[in-house]
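Take the sequences, apply the hints, and build the full model.
As given, the protein sequences belong to chains V, Y, X and W, one line each in that order.
The UniProt record's numbering puts the first residue of the first sequence at 1, with every later residue one more than the last.
The UniProt record's numbering puts the first residue of the second sequence at 1, with every later residue one more than the last.
The UniProt record's numbering puts the first residue of the third sequence at 1, with every later residue one more than the last.
The UniProt record's numbering puts the first residue of the fourth sequence at 1, with every later residue one more than the last.
Hint data in this document are derived by calculation from the structure and do not stem from the laboratory.
Watch out, some of these pointers could steer you wrong.
A short list of chain Y residues far from chain X (calculated; beta carbon distances all over 12 angstroms) [claimed, not checked]:
| # | residue |
| --- | --- |
| 1 | M1 |
| 2 | G55 |
| 3 | L60 |
| 4 | A134 |
| 5 | T165 |
| 6 | E234 |
Below, in silico cross-link-like pairs of lysine to any residue (SDA-like), each with a Cα-Cα straight-line distance of 20 angstroms or less [claimed, not checked]:
| # | chain 1 | residue 1 | chain 2 | residue 2 |
| --- | --- | --- | --- | --- |
| 7 | W | K164 | V | A166 |
| 8 | V | K140 | W | P102 |
| 9 | W | K21 | W | P63 |
| 10 | X | K164 | W | D167 |
Here a beta-carbon is modelled for each residue, glycine too, at the ideal position from N, C-alpha and C.
Number of protein chains: 4
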Amino acid sequence: MQPLSIAGKEFHSRLFLGTGKFGSLTQMRDAVLASGSELVTVALKRMDLETDTDGMVVSLQHPGINLLPNTSGARNAKEAVFAAQLAREALETNWLKLEIHPDPKYLLPDARETLKATEELAKLGFVVLPYIHADPVLCKQLEDAGTAAVMPLGSPIGSNKGLKTADFLEIIIEQSKVPVVIDAGIGTPSHAAAAMEMGADAVLVNTAIAVAGDPVAMARAFSLSVEAGRIAYEAKLATPIKHAVASSPLTAFLHD
Amino acid sequence: MQPLSIAGKEFHSRLFLGTGKFGSLTQMRDAVLASGSELVTVALKRMDLETDTDGMVVSLQHPGINLLPNTSGARNAKEAVFAAQLAREALETNWLKLEIHPDPKYLLPDARETLKATEELAKLGFVVLPYIHADPVLCKQLEDAGTAAVMPLGSPIGSNKGLKTADFLEIIIEQSKVPVVIDAGIGTPSHAAAAMEMGADAVLVNTAIAVAGDPVAMARAFSLSVEAGRIAYEAKLATPIKHAVASSPLTAFLHD
Amino acid sequence: MQPLSIAGKEFHSRLFLGTGKFGSLTQMRDAVLASGSELVTVALKRMDLETDTDGMVVSLQHPGINLLPNTSGARNAKEAVFAAQLAREALETNWLKLEIHPDPKYLLPDARETLKATEELAKLGFVVLPYIHADPVLCKQLEDAGTAAVMPLGSPIGSNKGLKTADFLEIIIEQSKVPVVIDAGIGTPSHAAAAMEMGADAVLVNTAIAVAGDPVAMARAFSLSVEAGRIAYEAKLATPIKHAVASSPLTAFLHD
Amino acid sequence: MQPLSIAGKEFHSRLFLGTGKFGSLTQMRDAVLASGSELVTVALKRMDLETDTDGMVVSLQHPGINLLPNTSGARNAKEAVFAAQLAREALETNWLKLEIHPDPKYLLPDARETLKATEELAKLGFVVLPYIHADPVLCKQLEDAGTAAVMPLGSPIGSNKGLKTADFLEIIIEQSKVPVVIDAGIGTPSHAAAAMEMGADAVLVNTAIAVAGDPVAMARAFSLSVEAGRIAYEAKLATPIKHAVASSPLTAFLHD
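Here is the structure:
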């Protein structure tokens, strides 16, 4: 399996994790370790940043794990840029998962504000990974704006519905010059494998692991399926055909 | 991962392989070994059975691999029973993948003849694994007839279309007292993972591995994805929901 | 729109209706008339047959409507043949919708018993329309047995899930020499249109109309959609393509 | 069927047509008339506008037909606004289908430029109907900008793949205060019916009619299916259920 490179940094795992909704910090940490993930996103909370006693961050201190602060809760570019700067200072990383969602019900991303914030943050030296709709035109504009990767959604966030946007993800993957990370909607290991089979560079999973019956085992299942999907992509899948012949040659062994 | 038991025999891999369409016997053998499969189906060819020099069989002689002769080419119960007896004598196994398909174009299974042959073969002491349509009523009748497992198709054989019959497979899995092995149509590791996530006991894959760009790597990918799907099933997946909330708590960190 | 011929009888509507689950006989009758259907299936009830005062049958007496008694409730061929003979005597029609479903939970059809009953009933002079799984091999056997049409299911009965069996329905339609009527699972006018677009000869709808907010209006909607789907089939649909060009010619009107 | 109102104008047909790809102007005109459409979009061509001898426009002069000039070919807001002004002068209508697609291969819409142009055009007094990605956040922003309707795509333009964006269209329909017209990707009458069943206010169809074997018959089929889908929406469809009971009551007529 080829390593993945984002902004010059190499990753051997193509599974990124989110840290929300877990039952406890210990469970979250165990799931992250079981997943083999090297990039883990954390939501900012001002209070914790101020008091410098964020249990979340402490529990993720581990040589193989890189933190990816996100701007969840930001409703426009201005709020997101402000949050990004707080995060950089507090967590000492210029990596950023950019999330701007003005709608509190579905948490869908705002194309215009995300593009504006990406332009600003790239100029400020951030490594920006924006969460976006599966919009191929927007992806190209984000590239021009200096994004480090694009993170199109597979289906509405938290819905576990999988790759409903597959037709658009295919176009994005075909056209993109930066890594494509599928974010939101991946509800099962088979969804994650399917994303990798399509040629996505990585996937980000959170809800499906955090709310599973056994989150640590589920993290391991996702790890295996992402690896399976990537190997399959590199090994080249056969093309589906309309109606095919059997794999067993129809030897007329009884009829000759 | 729990082991699978069929007719009293335990399997640690839940991936069964077919042996058709490979580029060479060496490639086939390497793919089987890479897959970790413990049950491999081979089509009968009368000539090879008579001369006892079947390269296929020789190349699969390995302590961890069990042969599962199939009756591919049989057009009715009578032909299938005859072929089964030849296979038992030649390969010294009473395990049998029962395939009866009168239609040479789509190779779809014949419900009535398969049921009749299963009844006869079970009485003759065979361990029968019949390839069938995803027909829940037929599955119960096969149970009554003494089948060791049922092998419903996911989609037309060789089509690589995945689990088109999912709504019926769910009913079969819910009702079955014997193991359910999904056969035919599985074209990608993500399809295999999805079958396992649904609660299938195993999957049989052939075309998707044999005609991949790199069959040995693809066999490894399927092995990982079957394990991923099974672990996910045992770890209990979250239920998909219509429109969900985000995994990051919407901390109003900027708005308080 | 070409007329449909079954067993020598011409139909101008390709929408068949079921009569279960309506709120009242009046509502049922109004929906049938609004649908324009010429073939309406009714479940047998021994008592009503004996007393000859079946409100169901009386309410459907209309010059354009033909009754199609069904054997719903029969668990095997023997019961179905007996019920068929009762129906022929009581309703003075040799047309029969053959339904054999041993499983009271999902009401899925029994392939073997349906085939056996069709053979017997055809010899007894019945015009048999059997409800079956979308099993192409069974369809050919029913043809050989003298069936007048085949009625494969689109998805589990009452599920309103549409054409989940589409891959198999396509094969059935391609191979069939008798009319193909899609039965069970059609939940919306768009499902019915899709069945007709594929080349099905007719559809049978019940639950989706009977339990709609306004069953009479819904019957009209199905009537229109079946006509739309049939016209589209006859007018030849364009083939879906992977990624297509726009319908507006890209006149470089601003760029020359 | 309730009439549709856009910018104060009432429409009795909820099917809008495009005029590209037809074999001849006569065929196009006949198809438009057969469809019953009252709103027909035409691409601008500078030359025709200048010489005032546009056969397209002449052939669509009919009391029931309103022209909807589109800006197909515009690559940004500036070009689109310029084209809109030309169109208003030439065709004497302030209605405009706004299309901005910088990518000549897939012709996917540009969210940022479309929003910018809508703001400008609304101020200039245009009735703007923008073609957009199925992006719920953008739809709300377009409302704020004064759009008369939103036209989200169902799948990539010209692909005939139907409502691949259904999960997002549902959110858009739930949230929108302006009419929602599904544009692009509708390849069959069943797709159009499904859009209407979801609660879309109208659909725009072009390729599927223009390249059909018989475009005039296909236009009629779409007209019927749009009506069917709308009636079904107003009559309230039954909710799909996981596994349902039969519509025929299981009268134990043989078992008592």
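Exercise. Quick one, are K21/W and P63/W close enough, alpha carbons at most 20 angstroms?
Worked result: 24 angstroms, violated
Exercise. Does the no-contact call for T165/Y survive, Cβ to all of chain X over 12 angstroms?
Worked result: The claim is violated: T165/Y sits with its nearest Cβ about 8 angstroms from chain X, within 12 angstroms.
Exercise. Does the alpha-carbon distance linking K164/X and D167/W stay inside the 20 angstroms limit?
Worked result: It holds: about 19 angstroms lies between the C-alpha atoms, which stays within 20 angstroms.
Exercise. With d taken as the least Cβ-Cβ distance between E234/Y and chain X, does d exceed 12 angstroms?
Worked result: Nearest chain X Cβ is 26 angstroms from E234/Y, so the label holds.
For this session: Compare the distance between the alpha carbons of K164/W and A166/V with 20 angstroms, and conclude whether the hinted pair is satisfied.
Result: 9 angstroms, holds
Exercise. Is K140/V close enough to P102/W, meaning Cα to Cα at most 20 angstroms?
Worked result: 10 angstroms, holds
Problem set entry | 12 angstroms Cβ clearance of A134/Y from chain X | 8 angstroms, violated
Problem set entry | Exclusion check [G55/Y not at the chain X interface, CB over 12 angstroms] | Holds, because the least Cβ-Cβ distance between G55/Y and chain X comes to about 33 angstroms, which exceeds 12 angstroms.
Problem set entry | Non-interface claim for L60/Y versus chain X (Cβ beyond 12 angstroms) | 31 angstroms, holds
For this session: Over 12 angstroms to the closest beta carbon of chain X is the bar; see if M1/Y clears it.
Result: 30 angstroms, holds
Hint check: violations occur at hints 4, 5, 9; the rest are consistent with the structure.
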